[in-house]
Amino acid sequence: MKRLLSVALGVLTAIGGFVDIGDLVTNALVGARFGLNLAWVVIVGVIGISLFAEMSGRVAAISGRATFDLIRERLGPRVALLDLIGSVAVTLLTFIAEIGGVALALELATSVNYLLWVPLCGLAVWLVLWRVKFSLVENVFGMVGLTLIVFAVVVWQLGPDWGALWEQASRPDVPATEGVPTYWYYAVALFGAAMTPYEVFFFSSGGVEEHWSTKDLSTMRLNVLVGFPLGGLLSLAIATSTALILMPAGIEVNTLGQVALPAAQELGKIGLAVALIGFFAATFGAACETGLSVGYSVAQYFGWQWGKFVRPREASLFHVLLLLSTITAVAVLLTTVDPIKVTEYSVVFSAVALPLTYFPILVVANDRDYMGEHVNGRFSNALGQVYLVLVTVTAVAAIPLLLITKAGQ
Amino acid sequence: MTARLPARATARLPHAGAGVVWLCIALVVSGCISPARTNEQYRAKARIAVQQAAGEVATAAKAVDLQLQRRTFSAYTDEVVTSSETALGGVDDSFGSVQPPDPSSDGIRDAVSSLLSDAQAAAAHARIAVRRGDTAGMRAALDELGTVAEDLSDAEEQLR
Chain A
1211 MKRLLSVALG VLTAIGGFVD IGDLVTNALV GARFGLNLAW VVIVGVIGIS
1261 LFAEMSGRVA AISGRATFDL IRERLGPRVA LLDLIGSVAV TLLTFIAEIG
1311 GVALALELAT SVNYLLWVPL CGLAVWLVLW RVKFSLVENV FGMVGLTLIV
1361 FAVVVWQLGP DWGALWEQAS RPDVPATEGV PTYWYYAVAL FGAAMTPYEV
1411 FFFSSGGVEE HWSTKDLSTM RLNVLVGFPL GGLLSLAIAT STALILMPAG
1461 IEVNTLGQVA LPAAQELGKI GLAVALIGFF AATFGAACET GLSVGYSVAQ
1511 YFGWQWGKFV RPREASLFHV LLLLSTITAV AVLLTTVDPI KVTEYSVVFS
1561 AVALPLTYFP ILVVANDRDY MGEHVNGRFS NALGQVYLVL VTVTAVAAIP
1611 LLLITKAGQ
Chain B
45 MTARLPARAT ARLPHAGAGV VWLCIALVVS GCISPARTNE QYRAKARIAV
95 QQAAGEVATA AKAVDLQLQR RTFSAYTDEV VTSSETALGG VDDSFGSVQP
145 PDPSSDGIRD AVSSLLSDAQ AAAAHARIAV RRGDTAGMRA ALDELGTVAE
195 DLSDAEEQLR
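From first to last, the protein sequence lines are chains A and B. Start counting at 1 in the first sequence, then tack on 1210, and there's your number in the working numbering. Start counting at 1 in the second sequence, then tack on 44, and there's your number in the working numbering.
Bound conformation, chain B alone (with noise of 0.2 angstroms):
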């Protein structure tokens, strides 16, 4: 039971610590903001950001759902409607640091800023709610979560 390959077979792979500065700049690169140089893609970055924010809003509003019609734990929906806060803020943020390219880009960012922002509201009154067990307080949340969802909705039409 000899080694047989191993002479061609270290020829053709290339060497180890390249391929992990490789998959390090993958990492890197792939997290990172890419800008928007037009409008055009400036709008299709705020499109997606309402596509994210709408897809936690709606995570949001079922766990309040759920937990009003008591098919879910407090811990757990907590821990939901808080990480749907958490990330509708990672999506403000990061909407936000990017540039618009020009004036005629402003007013998409004002609107989509806007958007952001009351749905970080309606999932903190939510979460604040569920946290204090105020079974109307969280009606009136998932209300304002609703009428969220439709203006996400109607933002992402507009910005198609």
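Isolated chain A (complex conformation) (with noise of 0.2 angstroms):
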């Protein structure tokens, strides 16, 4: 029963923790915009995320050891180096635009302005990553971020036309308002906010802080193969009802006040309160796992000490670096660059570091010398290609979209 309880927790958690800043506003945008024409690059990135999250649970599992400290003894230093800056930069972006995120949901909540919240949010962030337990972090954000499960029962209330929708979905056309090149620029977007790097770093280095080992290779597939689907469903959902409610009337998503609109019409006071909610803790639970991502990266490339299981005097550098990227976050978000503008570029940036991230991990699954009998199979190989290209496409047609686009204008 205890083992039950525990699985269901991971499950619920991964479900929450699933939706991040970029998740929340590019979905909303994608969906007031192109309606459900671009859901298959949803599926594409949570199949993508969870093909490559299970292969890094795996390696953390079996070896014991986390990505960036295999990464740099399998390809060598400077390769591995190439790879850490490339995946280091896109973090602190993202953790940037996180925290930007818990600054706006708190504005929205309480009408103050973000910047005022900024600083507060950044030394919330950085006490909750020195003092709170690791395990106490990843449920209570990814339980509360479960709130946000409200845009599925906005579009469920809303009562649509489920066969138009699934025909817009599963026959995706470019809307006549919208450029090709734009498509495809979002579809970019969404596909680097599915399968943004630090949920692989984050979801491997939290397994080998928690000793993870074969008997554990069930219930991290479970978390994976369950909660990651479902927590694209929540993408989908908050997609589907900015696709109902803003795009009917023009609008279109530049600001998180926004994507609540719908919950607010279709479900009152208590509807936009429990999706504010759920933008704080998806946000929060991002950036502590974002801060942390970027800290495990750095010290497991350098062989410091890291992890939230030691005391803090035992993993200084590693505490040193958090404190760092968590004060760099808050004075860039300072300047008051608009934290929305830097969560859409972090997902452009994102897809284009991703084969930094995903074509190391495939080698080390593939290699028997650390893996053994639990190398890849024929299936997680194959998907494991057509995915490689599909994440070096990407990467190189995310810049020239950008441009063409004008960042999707």
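Keep in mind that a hint or two might mislead.
[To be verified] Here are some of the chain B residues that sit facing chain A, going by a computed Cβ distance under 8 angstroms:
{"hint": "1", "residue": "Ala98"}
{"hint": "2", "residue": "Lys106"}
{"hint": "3", "residue": "Thr116"}
{"hint": "4", "residue": "Tyr120"}
{"hint": "5", "residue": "Asp122"}
{"hint": "6", "residue": "Glu123"}
{"hint": "7", "residue": "Val124"}
{"hint": "8", "residue": "Ser127"}
[Claimed, not checked] Pairs of lysine to aspartate or glutamate residues, derived as EDC-like cross-links and limited to a Cα-Cα distance of at most 20 angstroms, are as follows:
{"hint": "9", "chain 1": "A", "residue 1": "Lys1616", "chain 2": "B", "residue 2": "Asp136"}
{"hint": "10", "chain 1": "A", "residue 1": "Lys1616", "chain 2": "B", "residue 2": "Asp137"}
{"hint": "11", "chain 1": "A", "residue 1": "Lys1616", "chain 2": "B", "residue 2": "Glu84"}
{"hint": "12", "chain 1": "A", "residue 1": "Lys1479", "chain 2": "B", "residue 2": "Asp109"}
Don't read these hints as lab results, they were simulated from the structure. We treat Cβ as the ideally placed atom computed from N, Cα and C, and that holds for glycine.
Given two chains presented individually in distinct reference frames, assemble the corresponding complex, making use of the accompanying hints.
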């Protein structure tokens, strides 16, 4: 019974923890502009993140070592350094966006300017990273993040023409009001949001911190293969709600406040309050995850002591890095840069960095020296290689599309 | 467990610094406002400005409408309407900074600038009414936003 509860908790936190500021904003924006014509990208992205999260979790469980530790050993310090720079830059950008998202959620609830909230949010995130137990961070914010189910309730309450929605999702087309490059730009952004690299670093490092072994493999797979797809459904619910309510009204999503409008319209003040709580939990949880991912990646590459399971005194460089990352994020946000713009760029640059993250994981998961009998099977390998091609094409296309469409305008 | 790929892999991968510079250039260039060299390009920019303004006006109207139905908190409505007002200011500034390429474009500039000013004024009236909790003011602002929305829709059609 205890094990069942533990599995259920893991799956629920995986669902609630799946959505972050990138998913919130990108799905809402895409739903309001393209309806469900880009829903297929979310599905492709969720399959991809599940595939590689399972691989990295398996690597952590079998080798007992984290991603960047193995990347450096397996690919050599120079290639790993390039990988580290790209991945950390994107994760830091995402960290900035998440802290901005927390501040924006608080602004919506209180009407106090988000810039006043930014230093407090940075302090709160740092205190949580420093003092609070890893499992508590993961479970509390994952569970509260489940309140984003409110968007699924909104869709159900609207009683849409399910056949028409299915038709739009299954036979995607470029809307007459949008250009083909813009369609593909947002496809790249949505794919980057779904496959954000930090999710894999956080997941595998968490596995090492919690001392996963072969007996944890089934639980890990359940979390990934059930939790992530259900988290993806939350993303689709957000896109569907904006497609049904904001698109007909001609509203494009440029702020977090607009994302919550469907909840207010259909469910009133309670729905709005639940949505705002969901925004806060999703962004705060993701801020902790991205902050830790920056620390994990750098510390693992340089071979420093790292993790939440050792005292801060014993992992001093790791904690200094967390502090510096938080200060950097707060400083960038205090320049008054728009957190939503940071989010939009972070998902596109995530797409650029995808091969840097997923190629090494595929290499290590295929190496019998590390994995023994738990090396990738034929199916995982074939799918992994298909996705490697896909992430490479996405990475190559991202910057030209950014320039051609002037960031999706 | 030894490293196997480094030499070949590093040879094929671009220098990290170059990648960072590329990304910075992309970031800056994607945020720039390009000039309009012909009347046609200027019309296209005007149409985009009108579309963006219409979206912000619709947002403010939706938020005020929900507030009147008591389906939102005033703090939230205030934030949504204020954001729309700020965004409208940004649209006006961006469009206003584009040089009309020839005298025939001046008419488009005047008409669109006037519409954008009306939209900003309507959003400002809505924000003032929401902050005061003034129900009559919100209804008046909602009507004003509706009128501006229709004008923007007409302008968008004419600019096609």
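Hints versus structure:
Among the interface hints, the one on B/Ala98 holds; its C-beta lies about 6 angstroms from the nearest C-beta in chain A, closer than the 8 angstroms criterion. Interface hint status for B/Lys106: upheld, as the beta-carbon distance to the closest one in chain A is roughly 6 angstroms, under 8 angstroms. This hint holds: B/Thr116 has a C-beta 5 angstroms from the nearest C-beta of chain A, less than the 8 angstroms allowed. Residue-level restraint check for B/Tyr120 holds (minimum Cβ-Cβ distance to chain A is 5 angstroms; threshold 8 angstroms).
The beta carbon of B/Asp122 comes within 5 angstroms of a beta carbon in chain A, closer than 8 angstroms, and the hint placing it at the interface holds. For B/Glu123, the suggested interface contact is upheld, since its CB lies about 5 angstroms from the closest CB of chain A, less than 8 angstroms. At its closest, the beta carbon of B/Val124 sits 4 angstroms from a beta carbon of chain A; the interface hint therefore holds under the 8 angstroms criterion. The restraint placing B/Ser127 at the interface with chain A holds, with a minimum CB-CB distance near 5 angstroms, inside the 8 angstroms limit.
Taken as a hint, the A/Lys1616 and B/Asp136 pair is honoured in the structure, with Cα atoms around 18 angstroms apart against an allowance of 20 angstroms. For the proposed pair A/Lys1616 and B/Asp137, the alpha carbon gap of about 17 angstroms is at most 20 angstroms, so the pair holds. The straight-line distance between the Cα atoms of A/Lys1616 and B/Glu84 is roughly 19 angstroms, inside the 20 angstroms bound, and the hint therefore holds. Restraint check for A/Lys1479 and B/Asp109: the C-alpha separation of about 13 angstroms stays at or below 20 angstroms, so the hint holds.
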